[in-house]
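Q: Starting from the known structure of chain A, arrange chain B on it as the hints suggest.
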Amino acid sequence: MSIRLYVLRRLVLIIPLLIGLTLLTFIISRVLPGDPVGLAAGPQATAEIKEALRREFGLDQPLPAQYLNYLTGVVRGDWGESLYSRRSVIADISTYFPATLELTITAIAIAAALGVPAGVISALYRNKLPDQITRVLALFFVSFPAFWLAMIFQLIFGLELGWFPVGRRFAAIETPPAAITGMYVLDSLLHLDFESMRMALSHLFVPALVLSFGSLASITRITRASMLEALDKDYVRMERAIGIPNRVIVTKYVLRNAMIATITIISLEFGWLLAGAVLVETIFDFPGMGLYAVESSLRLDFQPIMGITLIYGVVFSLINILTDVVYGILDPRIRYG
Amino acid sequence: MTSPLLEIQNLHLEFKTYDGVARVLAGVNLTMQRGDVLGLVGETGCGKSMTALSVPRLIPMPPGKITEGRILFEGEDLLEKSPHEMQRFRARRLGMIFQDPTTNLNPLFTIREQLIDAVLYQTMDAQRVPGRWKGFLPSVRQTRVLANQRAIELMGLVGIPDGDKRLSDYPHQFSGGMRQRVLIAMALAGKPDLLIADEPTTALDVTIQAQILRLITGLVDRLGVSVLLITHNLGVVAQSCQRVAVMYAGRVIEQAPVRELFKNPKHPYTRGLLHAVPTRHIERGQLSGIPGTIPNLVDPPAGCRFHPRCAHAVEACRAAVPPPYPVGAQHTAECVLFAGGS
Numbered sequence: 001m002s003i004r005l006y007v008l009r010r011l012v013l014i015i016p017l018l019i020g021l022t023l024l025t026f027i028i029s030r031v032l033p034g035d036p037v038g039l040a041a042g043p044q045a046t047a048e049i050k051e052a053l054r055r056e057f058g059l060d061q062p063l064p065a066q067y068l069n070y071l072t073g074v075v076r077g078d079w080g081e082s083l084y085s086r087r088s089v090i091a092d093i094s095t096y097f098p099a100t101l102e103l104t105i106t107a108i109a110i111a112a113a114l115g116v117p118a119g120v121i122s123a124l125y126r127n128k129l130p131d132q133i134t135r136v137l138a139l140f141f142v143s144f145p146a147f148w149l150a151m152i153f154q155l156i157f158g159l160e161l162g163w164f165p166v167g168r169r170f171a172a173i174e175t176p177p178a179a180i181t182g183m184y185v186l187d188s189l190l191h192l193d194f195e196s197m198r199m200a201l202s203h204l205f206v207p208a209l210v211l212s213f214g215s216l217a218s219i220t221r222i223t224r225a226s227m228l229e230a231l232d233k234d235y236v237r238m239e240r241a242i243g244i245p246n247r248v249i250v251t252k253y254v255l256r257n258a259m260i261a262t263i264t265i266i267s268l269e270f271g272w273l274l275a276g277a278v279l280v281e282t283i284f285d286f287p288g289m290g291l292y293a294v295e296s297s298l299r300l301d302f303q304p305i306m307g308i309t310l311i312y313g314v315v316f317s318l319i320n321i322l323t324d325v326v327y328g329i330l331d332p333r334i335r336y337g
Numbered sequence: 001m002t003s004p005l006l007e008i009q010n011l012h013l014e015f016k017t018y019d020g021v022a023r024v025l026a027g028v029n030l031t032m033q034r035g036d037v038l039g040l041v042g043e044t045g046c047g048k049s050m051t052a053l054s055v056p057r058l059i060p061m062p063p064g065k066i067t068e069g070r071i072l073f074e075g076e077d078l079l080e081k082s083p084h085e086m087q088r089f090r091a092r093r094l095g096m097i098f099q100d101p102t103t104n105l106n107p108l109f110t111i112r113e114q115l116i117d118a119v120l121y122q123t124m125d126a127q128r129v130p131g132r133w134k135g136f137l138p139s140v141r142q143t144r145v146l147a148n149q150r151a152i153e154l155m156g157l158v159g160i161p162d163g164d165k166r167l168s169d170y171p172h173q174f175s176g177g178m179r180q181r182v183l184i185a186m187a188l189a190g191k192p193d194l195l196i197a198d199e200p201t202t203a204l205d206v207t208i209q210a211q212i213l214r215l216i217t218g219l220v221d222r223l224g225v226s227v228l229l230i231t232h233n234l235g236v237v238a239q240s241c242q243r244v245a246v247m248y249a250g251r252v253i254e255q256a257p258v259r260e261l262f263k264n265p266k267h268p269y270t271r272g273l274l275h276a277v278p279t280r281h282i283e284r285g286q287l288s289g290i291p292g293t294i295p296n297l298v299d300p301p302a303g304c305r306f307h308p309r310c311a312h313a314v315e316a317c318r319a320a321v322p323p324p325y326p327v328g329a330q331h332t333a334e335c336v337l338f339a340g341g342s
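Chains as they are written, first to last, in this note's numbering: chain A, 1 to 337; chain B, 1 to 342.
Among the hints, erroneous ones may be present.
Residues from chain B that face chain A, not an exhaustive set, calculated with beta carbons under 8 Å [to be verified]:
id, residue
1, GLY95
2, PRO107
3, ALA126
Worth flagging that the hints you see were computed from the coordinates, not collected in a lab. Predicted, not measured: the structure shown is a model, and the values here were computed from it. Glycine is no exception: its CB is placed at the ideal position from the N, C-alpha and C atoms.
Excised from the complex, chain A in its bound form:
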């Protein structure tokens, strides 16, 4: 099967997955105890007001009809609106999601850019000083909670040294670049507005760094382990025996074998970062999906919850497809089908 056909098939298969996902979230949000309408209408609301709200949001209809209404809305691009703010869910997501995406992509890029070389060096100097240092650091980063590190970094880099702003995505008095993707760094680059880009980056860097630490540790450890495994293979001895220099064996032949496991952990970590960004977003007051999701959940604001689940479902599926395609590029023995 050609790679194009394979990707197409996987994309089509996302649809039933999303139907299942929305159904599950729908049921859960309806079964949960609590009365979202009562919460939204406030303590002084009369029964008539609540009834009117209920009718407005279609909550008076039977559950299957509600679900079908939701699905047809989703297909038409109407993801409902928040019970609270009355803002359209799709509009909210298109402001908050790019922020989180930007944050997580930067975090995973930092984690991979530092973690892979650290893992390789660790493996090459197995049980020697560089390896010990990397392993201790990895253990440190994996064990320390991100929120604690976040506050320490705010204190050091934001307040003491004043190198970076303490929070938010952009200086409050400035106008962020006009939205193309909604990711400030990318948008300012597309507008060739380097002043904005510098500002967006300085806001993004510390939260992304803090967010990356857990993944950095995992990527380092997995890369180390898979490098050690690959270095022990017969073909490495053969390559050495016929006179290929060590440098070439490591950077060309062994690294590619080790990268298969590393790619897996990078894609898994990316998913976890997306979902786990909420702590960092809260501390840095970074207006992203995490904050949005937490607030919506606390208010049982079911339309945003459904929308958030849906968009995460799509992103996770896309990451999985991308990972599988990369596997096939790295390892010719993997067949698409």
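A: Okay, now just chain B, sitting in the frame of chain A:
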């Protein structure tokens, strides 16, 4: 007199294990002249492969450690070379083939990629081999075109038809025998002086074994390579070698020309070994093994390591390790039975 191509002198190799220090090689002496095809035989665990891997210095250290001895290649001690000099030596002078062709090729790279690298690094200085990303430079492209031609040539040399097309395939698209041919091509890419073949046919089908052996011996004649052939199969030795060295528990206990050894084995262990080979002349039930088992190398027997299993053992066997005694023309045996000559 010029120095021999390869001369291993009194090589001692130890391995740290959980049970203690295993004395894997205990004074190996081995000499090869230019053009020799020397068979190194012995049971599993007797140190054949360790001897072979010591030459290109591929023994992992630690846990391994060479405690004594020299490995002279054209008179130069390989054990004193720097890692960089060793890489150069392995690239220019040495070729090596291993036992299992399925695990000895890198599964993620095409044969072309691997064979071209073998050609480039065995014929050029490592620093001067251009990276593939520099392919836009005409000089680099020229180098790679030449290497590619050489790769196609090598594929023909080892008898793989349709070489140019097959170069684009990955190792898993080749059969075991074909993979071993590719590995032979990679080992011979830089026209080495010495080829070390560590059980090159053991992992192959019997029918393919003969083909690969014929290929190796044929190439040896054509390219003038000397071969150290490691095997536990005496038939392979009889078929392909001129000289044989028999190893037991970390020492070469007998050395002779092939015909001489098969006709006139001296060391009790060699005799036992030959008796354990089934031939069509043997009557039913006559096939005999050697009593006992190979010794524990952490705590080997004193003196001759074979004496606890030997029917002719005397008190002197326990006292000291016997040196090689001459027992015939170019024939030596490390056994006190021959202390007074044959």
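Q: Could you run down the list of hints and mark each one as holding or not?
A: Hints, one by one, checked against the model:
Interface restraint check for GLY95 of chain B: the shortest CB-CB distance to chain A comes to about 7 Å, inside 8 Å, so the restraint holds. For PRO107 of chain B, the interface hint holds, the least distance from its beta-carbon to any beta-carbon of chain A being 6 Å, beneath 8 Å. For ALA126 of chain B, the shortest C-beta to C-beta distance to chain A is roughly 4 Å, which falls under 8 Å, so the interface hint holds.
This entry satisfies every hint, going by the numbered hints stated previously.
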